[in-house]
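**Student:** The chain contents come next:
There are 2 protein chains.
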Amino acid sequence: MAASAGPEIERLISLLAKLPGLGQRSARRAALALLKRRDQLLTPLSEALAQAAERVKTCTTCGSLDTTDPCAICADATRDASLICVVEEVGALWAMERAGAFRGRYHVLGGLLSALDGVGPEALRIGGLVSRAGDESVREVILALPATVDGQTTAHYLADRLAGANVSVTMLARGVPVGGELDWLDDGTIAQALRARRPA
Amino acid sequence: MAASAGPEIERLISLLAKLPGLGQRSARRAALALLKRRDQLLTPLSEALAQAAERVKTCTTCGSLDTTDPCAICADATRDASLICVVEEVGALWAMERAGAFRGRYHVLGGLLSALDGVGPEALRIGGLVSRAGDESVREVILALPATVDGQTTAHYLADRLAGANVSVTMLARGVPVGGELDWLDDGTIAQALRARRPA
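Here the protein sequences line up with chains V and P, keeping their order.
The opening position of the first sequence corresponds to residue 1 in this note's numbering, with each subsequent residue numbered one higher.
The opening position of the second sequence corresponds to residue 1 in this note's numbering, with each subsequent residue numbered one higher.
Hints should not be assumed to be uniformly reliable.
Same chains, same names: a pair is fine if it fits in one copy or spans any two.
[What the hints assert, rightly or not] Computed list of lysine-lysine pairs in DSSO-like fashion (alpha-carbon distance at most 30 Å, straight line):
1) 57 with 36
2) 18 with 36
3) 57 with 18
Just so you know, these hints were derived from the structure itself, not from any lab.
These numbers were taken from a predicted model, which means no experiment stands behind them.
Generate coordinates for the entire structure from the input sequences, incorporating the hints supplied.
**Tutor:** Structure below.
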């Protein structure tokens, strides 16, 4: 690609291009930005990556990422241990935390069931969820999975698997998102929001 | 932002968010992708950055980036030393090299003159260019600067500064880009392409 750039820069570009959201062109721009701002950006990023590689681990209880195991959320005694919120990935857990509306614990599946991609139940953190749900302190499992085919397939499968445990299994409401203009919403969302209408 | 993620991940996200093309949200996605693929991505990237920080330097002749000084292009005796192609930044040099149509040497200005951003001639690598152009082996200086107001201001200024040297000063042709549909071109490009028309 940039034959003149030398193998070190080439390698940096090809690694940056593997990040989600960065293609070959934006990886080149990122590499140049890094090389232009060595002390403020290149060296700190290199060190932050090395530190993350060394210190961040997966929580053996919930599957989240943290420097401690159990993670800060699982270890936090002020959080409601009777609620488990099931999410696809750590990114969804962070989104829930930013929303600030949930004070229970989490369970990170590590993906969704997908016939197309050949992802079966054994590839996900499902056994651990079922055993956690079996604990008598747990009252409710909230399935906060995406409103996609794979998300809904996974939710149905989990509801089946959790049927034996003494917990209620719920899922997030569907409807018009905050700030959502009806003009811009897809038909499925409008139909679901209409079906689930409530007194004003 | 992601209060639950711990300071190491927070720091990684905030550094990634400083890269061009990555915002807060895509930096989070990138951080998760890195943490999911430690051995294939996180550790290699950390090492590639450390190596780049240590080994990549600026060529004191042309201003390009390489692990050697002079850079591989300035040191390449098979390249035509009578041609100097002036570019704004190293990214433009890489683009010229990918096009594979130029076999001379380069001069990286390190920016463009800009009254708005307060960038004057002293902030750019202009003295070095004038002194290189004064060498009797140099016959032509090609200004490969962007077709923007700042690019054209800089080109005019450089043409003035180089007037004393015994070189012809040229610039890239303007016209319809390859694959360009007239429907999608701006009026300025169409007008320039029409003015510079040539026999078919």
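**Student:** Checking residue 57 and residue 18: alpha-carbon separation at most 30 Å within a copy, between copies, both or neither?
**Tutor:** both (22 Å within a copy, 25 Å between copies)
**Student:** Please work out whether the CA atoms of residue 57 and residue 36 approach to 30 Å or closer within one copy, between two copies, in both situations, or in neither?
**Tutor:** For residue 57 and residue 36, only the inter-copy Cα distance (10 Å) is at most 30 Å; the intra-copy one is 32 Å.
**Student:** At most 30 Å between C-alpha atoms: does residue 18 with residue 36 qualify within a copy, between copies, both, or neither?
**Tutor:** For residue 18 and residue 36, the Cα distance is within 30 Å both inside one copy (21 Å) and across copies (13 Å).
Hint compliance for this structure: no hint is broken.
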